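S.K.: Next come the chains, spelled out residue by residue.
Protein chains: 2
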Amino acid sequence: MTTTQADNPTRGPVTRKDVARYAGVSTAVVSYVVNGGPKKVAPATEARVQHAIRVLGYRPNAAARALKLGSSETFGLVIPDNSNPFFARLAHAVEDAAAERGFALVLANSDANLAKERRNVRNLASRQVDGVLLASVLFEPDLTDLELADIPSVLLNQGREAPGFNSVGVDLAAGARLATEHLIGHGHTNIAACIGINTSEEMDGREHGWRQALKDAGLREGIIVRSPFDRPGGYEAGRRLLGAADRPKAIFASSDLQAVGLLRAIREAGLSVPEDVAIVSFDGIVEGEYTWPPLTTVTQPVREMADCAVDALLAAKRGEAPQHRIFATTLQIRQSCGCN
Amino acid sequence: MTTTQADNPTRGPVTRKDVARYAGVSTAVVSYVVNGGPKKVAPATEARVQHAIRVLGYRPNAAARALKLGSSETFGLVIPDNSNPFFARLAHAVEDAAAERGFALVLANSDANLAKERRNVRNLASRQVDGVLLASVLFEPDLTDLELADIPSVLLNQGREAPGFNSVGVDLAAGARLATEHLIGHGHTNIAACIGINTSEEMDGREHGWRQALKDAGLREGIIVRSPFDRPGGYEAGRRLLGAADRPKAIFASSDLQAVGLLRAIREAGLSVPEDVAIVSFDGIVEGEYTWPPLTTVTQPVREMADCAVDALLAAKRGEAPQHRIFATTLQIRQSCGCN
Numbered sequence: 001m002t003t004t005q006a007d008n009p010t011r012g013p014v015t016r017k018d019v020a021r022y023a024g025v026s027t028a029v030v031s032y033v034v035n036g037g038p039k040k041v042a043p044a045t046e047a048r049v050q051h052a053i054r055v056l057g058y059r060p061n062a063a064a065r066a067l068k069l070g071s072s073e074t075f076g077l078v079i080p081d082n083s084n085p086f087f088a089r090l091a092h093a094v095e096d097a098a099a100e101r102g103f104a105l106v107l108a109n110s111d112a113n114l115a116k117e118r119r120n121v122r123n124l125a126s127r128q129v130d131g132v133l134l135a136s137v138l139f140e141p142d143l144t145d146l147e148l149a150d151i152p153s154v155l156l157n158q159g160r161e162a163p164g165f166n167s168v169g170v171d172l173a174a175g176a177r178l179a180t181e182h183l184i185g186h187g188h189t190n191i192a193a194c195i196g197i198n199t200s201e202e203m204d205g206r207e208h209g210w211r212q213a214l215k216d217a218g219l220r221e222g223i224i225v226r227s228p229f230d231r232p233g234g235y236e237a238g239r240r241l242l243g244a245a246d247r248p249k250a251i252f253a254s255s256d257l258q259a260v261g262l263l264r265a266i267r268e269a270g271l272s273v274p275e276d277v278a279i280v281s282f283d284g285i286v287e288g289e290y291t292w293p294p295l296t297t298v299t300q301p302v303r304e305m306a307d308c309a310v311d312a313l314l315a316a317k318r319g320e321a322p323q324h325r326i327f328a329t330t331l332q333i334r335q336s337c338g339c340n
Numbered sequence: 001m002t003t004t005q006a007d008n009p010t011r012g013p014v015t016r017k018d019v020a021r022y023a024g025v026s027t028a029v030v031s032y033v034v035n036g037g038p039k040k041v042a043p044a045t046e047a048r049v050q051h052a053i054r055v056l057g058y059r060p061n062a063a064a065r066a067l068k069l070g071s072s073e074t075f076g077l078v079i080p081d082n083s084n085p086f087f088a089r090l091a092h093a094v095e096d097a098a099a100e101r102g103f104a105l106v107l108a109n110s111d112a113n114l115a116k117e118r119r120n121v122r123n124l125a126s127r128q129v130d131g132v133l134l135a136s137v138l139f140e141p142d143l144t145d146l147e148l149a150d151i152p153s154v155l156l157n158q159g160r161e162a163p164g165f166n167s168v169g170v171d172l173a174a175g176a177r178l179a180t181e182h183l184i185g186h187g188h189t190n191i192a193a194c195i196g197i198n199t200s201e202e203m204d205g206r207e208h209g210w211r212q213a214l215k216d217a218g219l220r221e222g223i224i225v226r227s228p229f230d231r232p233g234g235y236e237a238g239r240r241l242l243g244a245a246d247r248p249k250a251i252f253a254s255s256d257l258q259a260v261g262l263l264r265a266i267r268e269a270g271l272s273v274p275e276d277v278a279i280v281s282f283d284g285i286v287e288g289e290y291t292w293p294p295l296t297t298v299t300q301p302v303r304e305m306a307d308c309a310v311d312a313l314l315a316a317k318r319g320e321a322p323q324h325r326i327f328a329t330t331l332q333i334r335q336s337c338g339c340n
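As they're listed, the protein sequences go chains E and Y. At position 122 of the first sequence (counting the first as 1) the number is 122 in this note's numbering, and the numbers step up by one without a gap. At position 218 of the second sequence (counting the first as 1) the number is 218 in this note's numbering, and the numbers step up by one without a gap.
There may be inaccurate statements among the hints.
Identical chains share a label here; the pair holds if one copy fits it or two copies do between them.
DSSO-like, lysine-lysine: derived pairs with alpha carbons at most 30 Å apart [as the list claims (entries may be wrong)]:
1) Lys116 x Lys39
2) Lys116 x Lys40
3) Lys17 x Lys317
4) Lys116 x Lys317
5) Lys39 x Lys17
6) Lys249 x Lys215
7) Lys317 x Lys40
8) Lys39 x Lys249
9) Lys17 x Lys249
10) Lys39 x Lys317
What the hints contain is simulated information worked out from the structure, not anything from laboratory work. Since we're looking at a predicted model, the values are computed, not measured.
With the rest of the complex left out, here is chain E:
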């Protein structure tokens, strides 16, 4: 192992001039190689410069480079919680999409806390990232800090258009309708909903889709329980639903994690899925393939949304007008609904 210090015990850091001298080129050519332009360098010359950089342990200054380019080639991503498998997969896909376009990703969790989300956004603004992707706890978050710093942003996981915002999301209502209609297709008439709690005042698109599907089928509205989107939230919702006078025979859950909690509550009550209670949930996380029974779920196209979100950020950087991009979901049929 060698270090810059070890190679140059008696002097300061290696400079661009040292590299130029060693490689027998001008300092401008060293800059072109380090910055990938603006002028092209012959492959043989570039190889000589790269060799010199390696031998001398030259460290081009990233801060100086960022100052010159006006870009740190970094995006920020703020999500509620990457311990939630859906957001973990989304973060991974956004990182891949950003990397393919030459950008690194600063990750920040808001823990679904508005104050922490604001702190994260302000922090990213002060770091002058090239753009921010935000899965906000609000439908219309305050992005003043980003606007003042002239940093474009895209809202992730956004089911409906928020005027003036760039956003990417799935059609939550259509997905919930798919799920509910599938349960109706199994002959169910008493279908409850377990819906996640949002800070937003707006009705969750999934709740809307569940209501519409029941209405269109001429069925009465089932019980609705609101609880956090996580496993404990689903577990609590399950205990309340099973304790209801008119116990539901089927449940639409707004997240797979809630369904995992429901499964536990149903099992602890000595009941079976799907025989006593059928379940269809939402998201399409891998964990749902391994529950017992495996979850029938409305799957979100995470990778496609991540690609689209990063492209939307680049479009916003170029000054294009805000757009809402909506994706369709698909029903992944497994066994919790009653199918074999």
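Since the structure of chain E is already known, use the hints to place chain Y on it.
M.R.: Below, chain Y without anything else, positioned relative to chain E:
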């Protein structure tokens, strides 16, 4: 919504000089406020400067600041896959620990692929992050790029000391021994192991601990199956173990995800956990509380390790000698082992 452009339609970006004039202070005072020093500024003056920054939409240049401070106040984190709940939790904890110390976190997934890990490390080195935390696929990864750039590093998830490296991890062998001894305590004598596949040539510490516990109890060695650390890996291992002539009555699994896969294989074979096959696994992810039955597991102190890793990085930055920091695990007893 306002933007810098909207406020200043006819001129270039707002400068430090504009802020100084508006607030009635010198440009040096503006710098002190923006950089938090080196000289102190009276609270009333600071409030005036902050107000001017806000009103004018002044954007201090982060790149210029990084150049001056010689730091981007950013750490890099490379993990195999944040879709693995253990690494997602670790990444979240490292982000919190870094944020508390004033550093943002660039996250990079290697997908447990050595070439991608090397690319990630090189990319972080060229960005001159202040330090890199690396959960490597190798026991002794090549960190030349970081050393050349004089960037300190800490290996995460490292069970044993790798000479010359800063590292943080748990005592894998002691944890596996705890798990295996617990199964022996339930009266089991035919205890198999499902061990994750590492790129490393070294024996996994968990395998070592399992072997030692059996040996010390005077038991013959059980079957060992090697498979990836994930759910499909556990599922495949389960199918192989259940198909063995001498079917094990208990299994130690090197990750909770493998145990989730084992549960599925056992259920599909028409067998029950813990009645037909008992399981104890490793990591302590939340998912293990919600499987059926819930997993008895060896829990890693993720938050403490993350704090320690970030402190180790700061110590390395100060030039302190490499150290290996090892944490103890605890046995979280639930029901997959046979306890009630």
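S.K.: It remains to establish, for every hint, whether it holds in the given structure.
M.R.: For each hint, the structure was consulted:
Taking identical chains as interchangeable, the C-alpha atoms of Lys116 and Lys39 lie at most 30 Å apart only when they sit on different chains, with a minimum of 29 Å there against 44 Å within one chain. Taking identical chains as interchangeable, the C-alpha atoms of Lys116 and Lys40 lie at most 30 Å apart only when they sit on different chains, with a minimum of 27 Å there against 45 Å within one chain. For a Cα distance limit of 30 Å, the shortest separation of Lys17 from Lys317 across copies, 27 Å, qualifies, whereas the shortest one inside one copy, 35 Å, does not. Proximity of Lys116 to Lys317 under the C-alpha cut-off of 30 Å is found in both arrangements, the shortest distances being 25 Å within a copy and 28 Å between copies.
For a Cα distance limit of 30 Å, the shortest separation of Lys39 from Lys17 inside one copy, 18 Å, qualifies, whereas the shortest one across copies, 35 Å, does not. In the homo-oligomer, the alpha carbons of Lys249 and Lys215 lie at most 30 Å apart inside one protomer (18 Å), although the nearest pairing across protomers, at 52 Å, exceeds that limit. For a Cα distance limit of 30 Å, the shortest separation of Lys317 from Lys40 inside one copy, 26 Å, qualifies, whereas the shortest one across copies, 37 Å, does not. With identical chains, the CA atoms of Lys39 and Lys249 are never at most 30 Å apart, being 69 Å at best within one copy and 68 Å at best between copies.
Within a single copy, Lys17 and Lys249 get their C-alpha atoms no closer than 76 Å, and across copies no closer than 69 Å, so neither meets the 30 Å cut-off. Taking the closest pair of Cα atoms, Lys39 and Lys317 come within 30 Å of each other only inside a single copy of the chain (24 Å); across copies the shortest separation is 36 Å, beyond that limit.
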